[in-house]
Each structure stands twice: as structure tokens, then as C-alpha cells.
Amino acid sequence: MARFAGGKAPFLRIANEKGENTKRIMRDFLIGLMPVILFSWYKNGIQVYLDGNINVYEMLYPLFFIITGGLLAYVMEGLFFYITSDKKERDFKGVLRKLNTSFAIIPGVILALLLPLYTPIWILMFAAFIATIVGKMLFGGFGNNVFNPALLGYAIVGFTFSGIVTDINVIFNGSEIIIDSYAGATPLGVLSSFRGSGDALSYSALVEPYGNLWDFFLGTIPGALGETSALAILIGFLWLTYRKVIKWFTPVIYIGTVFVISWLIGIIAGDSGVWFPTYSILTGGVMFAAVYMATEPVTTPTNPLGKIFFALFLGVLTVLFRFVGSLPEGVGTSLIVMNIFAIPIDTYSGIIRTKLTKKPGIAYASILIGVLLILVVYTLVASGSMYTANLSFINAWQVIL
Amino acid sequence: MKNILKTKGVLIVSILLLLIIFIFGGMFSRYMTEQISVHQEERYRDSLLELVENGKTLETFEPTEVDVTYTILSEDREYQPEIIEAYYVRDDNENLVAVIYVLSTFGCEDGLVSAYAISTENNELINIKVISHNETVSVAGQFYNLLDESFFNQFENKNLDVIDLSIDSKAGATYSSRAFEQGVKFARELYAADFEFEIPSLQLTINDVYYNYDFSTMVDYPLIADVTFGRDNNVASIYIDSDFTYQGLASGVEPPQEVKDNIKVYVEDSKIINHVVEDMSYNETNHEIVVKVFGYSSQGITVTVTLNDSETAITNIVLTETHESYDADYNARYTGNDVPAVEEQYIDEYLNNDVIIDTVAAATVTSDAMEAVIEWIDGLDATLNGGG
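Chains as they are written, first to last, in this note's numbering: chain A, 1 to 401; chain B, 1001 to 1388.
It should be emphasised that the hints constitute simulated quantities derived from the structure, not laboratory data. Please read all numbers here as calculations on a predicted model, not as lab measurements. Glycine residues also receive a C-beta, built at the ideal position from the N, C-alpha and C atoms. One should not assume that every hint holds.
[Unchecked claim] Taking lysine-lysine pairs in the BS3-like style, the calculated list, with each CA pair at most 30 angstroms apart, reads: (1) B:K1260 - B:K1292; (2) B:K1006 - A:K98; (3) B:K1170 - B:K1292; (4) B:K1170 - B:K1271; (5) B:K1292 - B:K1264; (6) B:K1264 - B:K1129; (7) B:K1271 - A:K88; (8) A:K93 - B:K1008; (9) A:K87 - B:K1271; (10) B:K1002 - A:K88; (11) A:K23 - B:K1006; (12) A:K23 - A:K247; (13) A:K98 - B:K1002; (14) B:K1129 - B:K1158; (15) A:K87 - B:K1292; (16) B:K1129 - A:K93; (17) A:K355 - A:K247.
[Said to hold, decoys possible] Label pairs and their calculated CB-CB ranges: (18) B:I1020 - A:A363: 56 to 64 angstroms; (19) B:P1256 - A:G211: 52 to 60 angstroms; (20) B:D1092 - A:S162: 42 to 50 angstroms; (21) B:I1023 - A:L231: 34 to 42 angstroms; (22) B:E1050 - A:T101: 54 to 62 angstroms; (23) B:D1092 - A:D51: 17 to 25 angstroms; (24) B:L1019 - A:L231: 36 to 44 angstroms.
Please construct the entire structure, taking both the sequences and the accompanying hints into account.
Here it is in C-alpha cells:
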């Protein structure tokens, strides 16, 4: 007999017949992160060491950085539990019991995977504090947070210490120092230099300095620890889907949306090749966010239609922020914005599902689809004006809007 | 104690862990950051050694001071390239095989830092390597990005034992091209001072360089150089083109071939004329002379000068075409009107007040080009009617 749980997400596996629960979801989630962790260690540490470019301490550092991120989040959450617990529970047993169901390590690990490798440890500590204490515990702990904790920590550090992080950000690992053509620039950094230049987007400028799109897929390009390898993320995606930790369609729709709109922007900017949308989804944090963040059960809608709308909006906003905004990335900002709208989307999509043919259902569907279309059109028009020379139909649209 | 550990244990352990991470993690993180510059230095030295095939070790040395200046084309003033550092390059047997000068030259901007490797075995420039620069770059492959492999191939195994060390410039990246050429010349001067290498020269003096206003020859031979050459101090007036290359004898003694071949170097070094009006055409029917001069754009500025029917006076000067880019969209320091305000201002002031205006702030390159045009027109006017 089916059993149902109410209340706040995540609750899908609170009590099924096999006794599987949230703990299993989070364990599977950590396993799903392993391909990314191992690849980032290999790329930023082992491979560079084997090439003779760094010493053994430097080789171990990427792993140290990721473990430290997880440990920091774990310790800080433990401290929070200690401070806020009753006197009777202020012992190892009581705190560990709470930590056991809070999955404290995950935001810290994700945070370390998002930040550049050479981020100073004190900034990682600050980010872990924001993620764990501010982003998670002050909202009521696991299951009550509005924002993805790791993303909040990453965003706050990005806003407050961008100078420090960016200064070191130009080099991601020892091997990149010896590649002249990289010159420390990430692919998205190069893309941003096209903004307002009047020059057509070109494969030779965007992709060739890093090899080819296969290198983008494998992840041998500059970027933060966790974001470069689409292959590792894909393996994680297959695992998480197989274990039913995430819904397969959220990442697919999100990535698909980014792909299609980027393709349209590429066409407007004078190049209709599939390379550009492929480049667009393989650069920055699109793939990582799609699998590990857009599917997060607490800060995203719970019903399938809500997830679809969430992924569509997320895709449009990512492209909008990336191509029109002042920052080269766009994934983090769009996710934070969509975290805010997760509950309304969940509510509206629930109404649409149950009253699709009735007035409220039609009204909410019209609102969501209408806003989505407006965002798509605005993104195309605004991107067009920034990335390409004058095209008459784009100019006409700009006049209308 | 046991009670304290039971009640405060979590607090103590947590704080200790945070402290350990802060101190030791911070030290590790700092070590990693410092390693970046270590690797960069390693890579830098390796890249210098890669310039010399059999080079194994680098040894810094203090080069001999030389007093040579070059013209900054983008600012029309003199400067001496800066010596950043210099290295002896030795092979496996500790024999000196090459020397590397790391110099900073001035292209569009200051700070075009390059390494110039010279073989001490055969006095050749082995190759150069760009270390850093502030030149104008373009993702669409314009400006500095025009300097492709074919440009840099010119520096490979370049014999220094010649008078003419000039490099073929890339249109659209002229200032950067010239900065590299100046770097090579300056490296040779340093090398000559350090290794008693004798820079080849001719007994040739450039007495004057001026425009040719003879309608029958001006299009083919826009410039005339008055020169003195040889042990007998022979004099001649010779036609040269806008690239200062020998075109023919105007008057005097026919110079020997080596003078003809190297006149360009001597005219350039004389610095009598830096900005040249070129691509000239003359229409006898309409009495129109069309001249072109190059400012910032590789497409140049075209000006049409109309003469009266008897070709004794200038009746009009019109800006025909310009592709300059100095206005507010391009240069925030420029406060004047949009292109072609500077070009028109030069022409209007000369036409109406017979004045060649001063350089317009933040439009220096265009101003220099227009000044060259107006000076050429002023010279033409003086030739036609004695300056009236």
C-alpha cells in the first residue's frame, strides 16, 4: 500500500516499504558527485603531477580543498547544533545524531567544486559559513532553506571578495600556466569580450584556443574544479537518474533550453553552426548546475510540471544573464533567482495540473508561458544588439520593445 | 575533566578543527598561491631557453648602455626602449651560444615586452618571443591580432650583419609592427656594444627630404632626398617613394647600388620626415590631386585638392573619405564632435585662416595624419604661387 508524506520537501523517501529515506538520497547524491570530484582531482592534480609540472603537495591540494570544504560545512553545522541545542543534547552523541540527518557535508563539497582552486582558505571558510549557517541553518535547517546553500555561499563570496578570488582565478591549475594560448582566460571570459565589439562570434576565437569541443566535453579546459568535465557530470547524472535521486527531465530541459536559445543567438550573431550552442552548454557551470543544483529537492519545485517550468525559466535566465548581463557566467545568478520563485511555480503548476481546463488553470498557464515567452524574446533581442552588427529585424524588435 | 569534555567537547573539538583548518589550511593555500609565481618563473625561463635550440642554462648579465632613440609613431616623439633584463645562454658544455635581451618597446601603447635571442656564433637574430603587451587586441582578429605567423617568421634566423634590418609591417597593425622592428634594432645595438659586433654602415648622409611637387613626376616619385655619399662626397637628389625606397635619380651623381638598396634605412633614421602623404593621383582634366594619408585606420584618410585652371593656386580642399575612430564611442577622453570633426577642422582652419592647428587632444594619431596632409598642401601652395 502506498504511503504518502506531507510537509516540506524532500519527502519522497521518508518512509517507503524498504525503509529507504532521505539519508539514502543524500548518500547516493554524494556518490553521484564522485565522478566530478575524482576528475577534478585528476585534472588539477594527478595529471599535472604526472606531467612533471607540480610537486606532490600541489598534486594533493585539489582533494584537500574539496575535503576541507565538506569538513568546514560539517564542523560549522555541528557548532550551530551545539549552540542551539538543549543542554542535555550538547554532547557528541546528540550533535552527531543531528548531523547524521542534516547532510552537512554536501553544501561544503559543492562549494569547493564551484570555487577556483586557488581561493584562499579563509574565503572558503567564510563561504562555508554563509552556505551552512546563513543559507541553511538560519532558515530552519535541512529541508527549510529557500536558497541552495552552496550557491548562496558562492554568490556572496563572488560579490564580496570578487577581487581576491578573481586575481587568483586567472589560473586554475599548474598545467594551465604552461599553455600560452589560454592566457588565463576562461572560455566564458573570452565570450564576454565579444560583447558590444560588433564582431561575429567565431569558433577560432572561442573554441580553438582550448582545442576543440571534445576537450570541452572531457573537461580539459580552464574552469572551476567541478564545472569543466561534462563527461564526469554525465556519469553522475546517469547514476542519480538510475537511483531515482533526481528526475531526468529537469537537467535535460534546462540544458536543452540553453542550447536552443544559444543557437538562436548564434544565428542572430552571424553563425548558425551547432558548435556555438554546444560550446554554450559545455562552458561555465551549466552542466554542473543542471545535474547537481537544479535538481536539488529543497529549493526547486516538487511536482513534475513545476520542475519543467523551473528548468525552462532557469535556462532562459541563464542565457539572459550570460549574454546580456555584466557577468560572464549567469548560471549561479539565475539559480538564485529561480530559488526565490520555486514556491510560486510549484503552487501555480499544481493548480495548472489539477485545473488545466478550468479558468484558474488556464490563467496560471497563460501567465507562466507568457512571462517565459517575453523573457525569451527579450533575451534574443538584447543579446542580438550586444553580439552582432545591425540586423534590420532585430533593430525593428528593439524599437517595438 | 571528563564532565567538561562531555559538555564542552563538541565546542572544543569544533573550534580546534576550525583553527587547524584556518592555520594549516591557510598555510597550504598560501603555499599553493606562491607556487603559481614559481611555476610562472619556471615557464618564463623555459620559454626563453626554447628560443635557442642548444641552450641549456640562462645567466643574467648587465648589458652595456647605449644611447639610441627611436620614434614612437603613435605619439610622434622619441624614446629609448627599456631593457628589462639580459641573459647569456650556455649549452651543455657551458659554452656561450646566444644572448637574450628582454626589451620593452612602444607600439600603440607602452610595454610591448619581447625577448630577442641573438646567436653569438653567427650574429643572427635567432627568434623573438612576446612576453606581454598592452596593444589593442580584437577577438575578430584585428589590430595586434593581425600579427600572425607570417609576420613573426620574419624574425627567424635574421642576419644582423646587414644595413637594412627593416621588417614588413602588417597593415592595420603598423605601430605594433614598428615596435618589434625597433626592438630588433635596439637589440642589435646592445649586442654590438656587448660583443664588439660592428653594425654595417655606408658613407651616406641624408641632407634633406622633401615632397616632389612636379606634376609630371609627383605621383610616381612623391619624395626627393638630397644625399651625400662616398669618399668623394658625391651629391645627388634622388626620387624615393612613400616607403622611402629608391625610385630613380633626379639630379647629380648616380649613387652605387648599396646606397640605392639602403636609402630607406638612412631616410628613416634621419627622422626628417615621419608622416608621409601617399597613394597620390592627379587628374589633369579636373585639376584635382587626390592624396591619402594613414592615421588610425588602415583604410586611410583621403583628401582631394582642387587647383585653378592655370594650376597656379589651390581653389578647394575636400575631405573625400575617412575611417578614423577617435570619437566618444571609441575613446572616452575625446570630447569633441564625432568623426570627421578633426579632419574637417584641419581643412577648415587652413582654408579659412591659413593655419595648421595644433594636435587635437585624444585624437593624436588622426591629428598627425591630417597635419601631414595640410603640410603637404601648404608646400604645394608655396610651390604654386610663392605661398600666397
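Status of each hint after checking the structure:
At roughly 26 angstroms between alpha-carbon atoms, B:K1260 and B:K1292 fall within 30 angstroms of each other, so this suggested pair holds. This hinted pair checks out: B:K1006 and A:K98 have alpha carbons roughly 17 angstroms apart, not beyond 30 angstroms. Under the criterion of a C-alpha separation no larger than 30 angstroms, the hint pairing B:K1170 with B:K1292 is consistent with the structure, at around 18 angstroms. Between B:K1170 and B:K1271, the direct Cα distance comes to roughly 21 angstroms. Compliance with the 30 angstroms bound is thereby established for this hinted pair.
Restraint check: the Cα-Cα separation between B:K1292 and B:K1264 comes to about 20 angstroms, which is no more than 30 angstroms; the hinted pair holds. Of the pairs offered as hints, the one joining B:K1264 and B:K1129 holds, with about 27 angstroms between alpha carbons and a cut-off of 30 angstroms not exceeded. For the hint linking B:K1271 to A:K88, the alpha-carbon distance of about 90 angstroms lies beyond 30 angstroms, and the restraint is violated. Restraint check: the Cα-Cα separation between A:K93 and B:K1008 comes to about 12 angstroms, which is no more than 30 angstroms; the hinted pair holds.
Annotation: proposed proximity of A:K87 to B:K1271 is violated, straight-line Cα distance about 88 angstroms (limit 30 angstroms). Restraint check for B:K1002 and A:K88: satisfied, since their Cα atoms lie roughly 15 angstroms apart, inside the 30 angstroms limit. Proximity of A:K23 to B:K1006 is assessed by CA-CA distance (about 27 angstroms); at most 30 angstroms being required, the pair is judged to hold. Of the supplied pair hints, the one linking A:K23 and A:K247 holds, its CA atoms being roughly 18 angstroms apart against a limit of 30 angstroms.
A hinted pair counts as satisfied when its Cα atoms are at most 30 angstroms apart, and A:K98 with B:K1002 qualifies at roughly 23 angstroms. Restraint check: the Cα-Cα separation between B:K1129 and B:K1158 comes to about 14 angstroms, which is no more than 30 angstroms; the hinted pair holds. For the proposed pair A:K87 and B:K1292, the alpha carbon gap of about 89 angstroms is over 30 angstroms, so the pair is violated. For the given pair, B:K1129 sits about 64 angstroms from A:K93 by alpha-carbon distance, which is inconsistent with the 30 angstroms threshold.
Taken as a hint, the A:K355 and A:K247 pair is honoured in the structure, with Cα atoms around 24 angstroms apart against an allowance of 30 angstroms. Roughly 57 angstroms separates the CB atoms of B:I1020 and A:A363, a value that falls within the hinted 56 to 64 angstroms. As the Cβ distance of B:P1256 to A:G211 is approximately 55 angstroms, the hint placing it in 52 to 60 angstroms holds. For the pair B:D1092 and A:S162, the beta carbons lie near 48 angstroms from each other, so the given range of 42 to 50 angstroms is met.
For B:I1023 paired with A:L231, a C-beta distance near 37 angstroms keeps the hint of 34 to 42 angstroms intact. The hint said 54 to 62 angstroms for the Cβ distance between B:E1050 and A:T101, and at roughly 58 angstroms that hint holds. For B:D1092 paired with A:D51, a C-beta distance near 24 angstroms keeps the hint of 17 to 25 angstroms intact. For the hinted restraint 36 to 44 angstroms between B:L1019 and A:L231, the CB-CB distance of approximately 39 angstroms keeps it satisfied.
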